[in-house]
Amino acid sequence: MMALDTVSGYFTRDGRSYCIIDSDREFKECTDDIIGTLDYSESFRRIYSHPVSGENVFKFNYGPSTGGMIETLDLKIYTYGERILSLDVLPGYKQRQIRIAGESKDLALLRIERLNGFHSFSYSTLFSSAVERMLEIPVSQEVRYARIILLEIERITSHIFKTARLCESASQNIASYALMGLRERLMRAIAEGTGHRYLFGVNKIGGLRRKIDLDRIVKVARGVVKEYVNIRNGLFVSRIFIDRIENTCRAEYSFARGPVLRAAGIRYDFRMHDPYYSGIDFTPVTQNGGDSLSRFLVFSEEVERSMEIIEKCMTPGERGNFLIPSHENEAYGIETPSGDARMVFSINNDHIGHIYLRTPSILNLEAFARGIRGNVKTDIPFALESFGIWVSELGDVA
Amino acid sequence: MNSIIFLFVLPLIPLAISFTFPKLSYYLGVISTATLAAISLVDLSGYLSFSTLTFHYFSIGFQGLSVIFEFIVAVTEIVVYVFSIYYMPEDRRLAFFISIAVFTVNSVIISRNVILFLMFWESMSISGYLLIGYKNRIKSYPPFVFFAFGELSTVFLTVGFAAYFFATGSLQIGAFVSNPYITLIILLGFIFKMGIVPLQMVEWLPIAHGNAPTSGSILFSASMTTVALYGMLVFATSSAPDIILGVLLIVFGSFSLLFGSIFAVSSENSKMLPAYSTVENSGAMIMMVGLFISWRLYDNLPLYSFILLGILIYATAHAWSKSTAFVISGISLDPDINSRRGVRIGKFSKFSAAVAAISLMGLLPLGGGIGEWFLLESLFISASSNQHVLLAVVAILSGSLASLGAGISIPTFTKYFSFMTGKSVDEGGKRRIGVPLSIGGTIVLGISLFIPFLVYVYSVSVSQITLNKHSLIFLSSLKGIPYPFLIYSVSQTTATFGFISPLFIMMFIATAALATFSIGGRQRRSIPVWNGGIDQEDEMSSFAYANVLRIILSKVYLSREEKTGGEYHERTFDIFWIMIVDFALIIRKFSSRFGKVVMNGSINRYIAYIIVAFLSVLIIVSF
Numbered sequence: 001m002m003a004l005d006t007v008s009g010y011f012t013r014d015g016r017s018y019c020i021i022d023s024d025r026e027f028k029e030c031t032d033d034i035i036g037t038l039d040y041s042e043s044f045r046r047i048y049s050h051p052v053s054g055e056n057v058f059k060f061n062y063g064p065s066t067g068g069m070i071e072t073l074d075l076k077i078y079t080y081g082e083r084i085l086s087l088d089v090l091p092g093y094k095q096r097q098i099r100i101a102g103e104s105k106d107l108a109l110l111r112i113e114r115l116n117g118f119h120s121f122s123y124s125t126l127f128s129s130a131v132e133r134m135l136e137i138p139v140s141q142e143v144r145y146a147r148i149i150l151l152e153i154e155r156i157t158s159h160i161f162k163t164a165r166l167c168e169s170a171s172q173n174i175a176s177y178a179l180m181g182l183r184e185r186l187m188r189a190i191a192e193g194t195g196h197r198y199l200f201g202v203n204k205i206g207g208l209r210r211k212i213d214l215d216r217i218v219k220v221a222r223g224v225v226k227e228y229v230n231i232r233n234g235l236f237v238s239r240i241f242i243d244r245i246e247n248t249c250r251a252e253y254s255f256a257r258g259p260v261l262r263a264a265g266i267r268y269d270f271r272m273h274d275p276y277y278s279g280i281d282f283t284p285v286t287q288n289g290g291d292s293l294s295r296f297l298v299f300s301e302e303v304e305r306s307m308e309i310i311e312k313c314m315t316p317g318e319r320g321n322f323l324i325p326s327h328e329n330e331a332y333g334i335e336t337p338s339g340d341a342r343m344v345f346s347i348n349n350d351h352i353g354h355i356y357l358r359t360p361s362i363l364n365l366e367a368f369a370r371g372i373r374g375n376v377k378t379d380i381p382f383a384l385e386s387f388g389i390w391v392s393e394l395g396d397v398a
Numbered sequence: 001m002n003s004i005i006f007l008f009v010l011p012l013i014p015l016a017i018s019f020t021f022p023k024l025s026y027y028l029g030v031i032s033t034a035t036l037a038a039i040s041l042v043d044l045s046g047y048l049s050f051s052t053l054t055f056h057y058f059s060i061g062f063q064g065l066s067v068i069f070e071f072i073v074a075v076t077e078i079v080v081y082v083f084s085i086y087y088m089p090e091d092r093r094l095a096f097f098i099s100i101a102v103f104t105v106n107s108v109i110i111s112r113n114v115i116l117f118l119m120f121w122e123s124m125s126i127s128g129y130l131l132i133g134y135k136n137r138i139k140s141y142p143p144f145v146f147f148a149f150g151e152l153s154t155v156f157l158t159v160g161f162a163a164y165f166f167a168t169g170s171l172q173i174g175a176f177v178s179n180p181y182i183t184l185i186i187l188l189g190f191i192f193k194m195g196i197v198p199l200q201m202v203e204w205l206p207i208a209h210g211n212a213p214t215s216g217s218i219l220f221s222a223s224m225t226t227v228a229l230y231g232m233l234v235f236a237t238s239s240a241p242d243i244i245l246g247v248l249l250i251v252f253g254s255f256s257l258l259f260g261s262i263f264a265v266s267s268e269n270s271k272m273l274p275a276y277s278t279v280e281n282s283g284a285m286i287m288m289v290g291l292f293i294s295w296r297l298y299d300n301l302p303l304y305s306f307i308l309l310g311i312l313i314y315a316t317a318h319a320w321s322k323s324t325a326f327v328i329s330g331i332s333l334d335p336d337i338n339s340r341r342g343v344r345i346g347k348f349s350k351f352s353a354a355v356a357a358i359s360l361m362g363l364l365p366l367g368g369g370i371g372e373w374f375l376l377e378s379l380f381i382s383a384s385s386n387q388h389v390l391l392a393v394v395a396i397l398s399g400s401l402a403s404l405g406a407g408i409s410i411p412t413f414t415k416y417f418s419f420m421t422g423k424s425v426d427e428g429g430k431r432r433i434g435v436p437l438s439i440g441g442t443i444v445l446g447i448s449l450f451i452p453f454l455v456y457v458y459s460v461s462v463s464q465i466t467l468n469k470h471s472l473i474f475l476s477s478l479k480g481i482p483y484p485f486l487i488y489s490v491s492q493t494t495a496t497f498g499f500i501s502p503l504f505i506m507m508f509i510a511t512a513a514l515a516t517f518s519i520g521g522r523q524r525r526s527i528p529v530w531n532g533g534i535d536q537e538d539e540m541s542s543f544a545y546a547n548v549l550r551i552i553l554s555k556v557y558l559s560r561e562e563k564t565g566g567e568y569h570e571r572t573f574d575i576f577w578i579m580i581v582d583f584a585l586i587i588r589k590f591s592s593r594f595g596k597v598v599m600n601g602s603i604n605r606y607i608a609y610i611i612v613a614f615l616s617v618l619i620i621v622s623f
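Quick note, the sequences are listed as chains A and B, same order.
So the first sequence is numbered by this note's numbering: it starts at 1 and just counts up by one.
So the second sequence is numbered by this note's numbering: it starts at 1 and just counts up by one.
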């Protein structure tokens, strides 16, 4: 069992270094020496370099704009043909800088929810709830449960999309199209129920901006999840599909996040520590393989678990306001569909001060770069799509 | 004096001056081998014939298969001599060894007597040994391995020829042998020389690791292999056919074809790759000999005549294309395909190299493709037999292996051609291989251009060999293709089974190219290589090109991927060679222990050994 006190965030402020540890809610001061001992510390700076050499070894370029990859990543494969001996990832071809510091809370929220459109509600909820806690702005239990429902709905759409991408890369085109159809059905229901298919503008500091038709969304989600489970069960008996993802890209690293970590047998899900989810009976989904199949098993089962959470939240017993004051030096977090994101910021005179955001893709990309060693070149799409890595999450937020 | 003595003496002319005027001997070699080829061609055309010369027990002759194989080998030797003019032309010893090898090869072919045959066969092995081992700095074991397996071949031939004499009462080649075991022993003697699996190291080891000069490699891989095939055919045509013998050859051949091509594609040595390809092609020819023997047993004259014609066409295409392929290896002294940068060659030379490579891929309309068609057609016809189920099943199974192996030869020679000619440095030696390469390529192209003529003259000879009174010429006209530009095959019931027209294919390619050119004119659309949107940095290596097979067939290659001292590397091994080395180590260990126990210098044990041996001899003699 790997240690859970993994350093999963690292930033500097006023000449001092701080790190975020999984088991702690607060960030702590740390020395550069400690960070230097982490062999994945470079990934906090978006550097994924693992050069190797040898007889007949050369660098084979894959990306940044190539067939089979939805994201703009340049992979430098160290190989003597087919076998991936090591991998460098250059994510800088499409990287954004989002400036938050010095902006008002509302403008900051507007920008943060545009960090990753597919997970916009996760990031907007992370920021809104953090501000609410810092400024001790209570929200109603109704808002709290509506946010949980929408977070889980976003998780379901994201996992369906990931499954569809995984199917497409493994040449399961019928399943892929069917899954994309399901996702579209759910997103249209989201658009009709919230006013935006990517849930933009739904959150505001202190509550929700619009009235949400949750019944409509959840009704569609029930049907979608039922069909998703059928398709998933069909994929389980597809020898071609399983052969392509089984034993592919074993990534068993404690620094990995979300389904990637849980697929390696680590029972860590930020929802277990998230005050928003307190009182909701919830068990993280885990697998032991650490490969693409295990990741698929984890996130596909999480779709059902998310639906169970939604059903619980549709009939909440609690009424009144909800507020859990923040700790000093708290590193706020949320379990996005790809893993936990951690955020540290301050508010000065109603404006956002220094801000640090560590997204799950920052660490999961390093897990992919390491796990893919020993696989062959054609495994890259099956591996990458199982990680749920978004280049937009690798951008700078400052 | 019988004029055949001229054929015997002709290769001796360059040999006579090789030590004093090496370069001049090469020029004379070109003239003498060209003369031999021309005489063979005229003989094949029916305008010349030689009578057998007998001297006591010995005799030499020039009829039937001898003429065809002399033609094939002489053309190969032209390439050898032309190449030698530009490659180490002042090396006296090399000139001498090449000349003596050429002389012995030619002498084997015109020998009509088994003792003479064996004598020149052994001389050929010795000359091969000298060619590999004449440099002092080389490893010692490759020449010995070559010689050891050469001697194994000689042992089988000696035993076989002795049995042949006892069975037929004749030392003359061509006497009818009814005992299939004698035929098997003799054929095995030839097969060992051809480097068939699992003894393929006979082929690749001396060539790749013996530091053999390129001209020597051509002689090993093209000439000596062809002579071994000649020996097989000479005895296969004069022996009683046997189905088990035929099936054995088909099975052995198909395994050799498959494994030869598997090892060829992964080879990164510029000489080992074509050497393994020879193992593959030898397998194909042995398969056809097996089919020939089988159909002779079933007395299907048109079919086994067609198969024999196929063997001859295949052997011609292989020998000539392989010679040119080995010339390509002379493009650089670096044997590593992966790292080499060869001399810059002209456009026609590059075209010639492509012609040889495509021919060895077995693609139409080139000679290799025509030979491959004969092989696959023979297998298809045999597989469709509903009367001879065993042969049909063997043809299907072996044909599957053969097709797989033949398919693999396409990436093999795509890799060989592109990586050998793709990168170059200007060493100022443009002419070094340009001339022999151009001549070799033109010769290979000539097979396609003159294939009707070759099929015609070979068919006439085949009719004489098979004692068919009415010559069966496998040329026809069909679907608008005029006679004689269509080659056809026969089914078991003599009806036409299939056909090809190399000329039509050539015309189709030429017409399509001209049409494209006339429509597109001189407009050229140049598209830069798309490398994911960024500039190209590294280049694909030949090692990487074949590595997918090393990974998939890791159990065949015994692929070892290791990281030592922080450096990655991958190794593959010839599984059969490892088995033989292991076996040799066991034998050595056993011999050592046996020697220590039984023959350990103890006088008592030695006397006991002599007594036991003496008593054993007495018992054997008594009964």
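Rather than coming from a laboratory, the hints here were simulated on the basis of the structure.
Among the hints, a few may not be true.
Claimed, not checked - Lysine-lysine pairs mimicking DSS-like chemistry, simulated, CA-CA at most 27 Å apart:
| hint | chain 1 | residue 1 | chain 2 | residue 2 |
| --- | --- | --- | --- | --- |
| 1 | B | K563 | A | K59 |
| 2 | A | K94 | A | K312 |
| 3 | A | K59 | A | K377 |
| 4 | A | K312 | A | K204 |
| 5 | A | K219 | A | K204 |
| 6 | B | K347 | B | K423 |
| 7 | A | K211 | A | K312 |
| 8 | A | K59 | B | K423 |
| 9 | A | K377 | B | K563 |
| 10 | A | K377 | B | K347 |
| 11 | A | K377 | B | K350 |
| 12 | B | K423 | B | K350 |
| 13 | A | K105 | A | K204 |
Evaluation of the provided hints:
no.	hint	in the structure
1	B:K563 - A:K59	17 Å, holds
2	A:K94 - A:K312	40 Å, violated
3	A:K59 - A:K377	12 Å, holds
4	A:K312 - A:K204	24 Å, holds
5	A:K219 - A:K204	25 Å, holds
6	B:K347 - B:K423	14 Å, holds
7	A:K211 - A:K312	20 Å, holds
8	A:K59 - B:K423	19 Å, holds
9	A:K377 - B:K563	19 Å, holds
10	A:K377 - B:K347	36 Å, violated
11	A:K377 - B:K350	33 Å, violated
12	B:K423 - B:K350	12 Å, holds
13	A:K105 - A:K204	9 Å, holds
The structure is inconsistent with the numbered hints 2, 10 and 11, although it conforms to all the rest.
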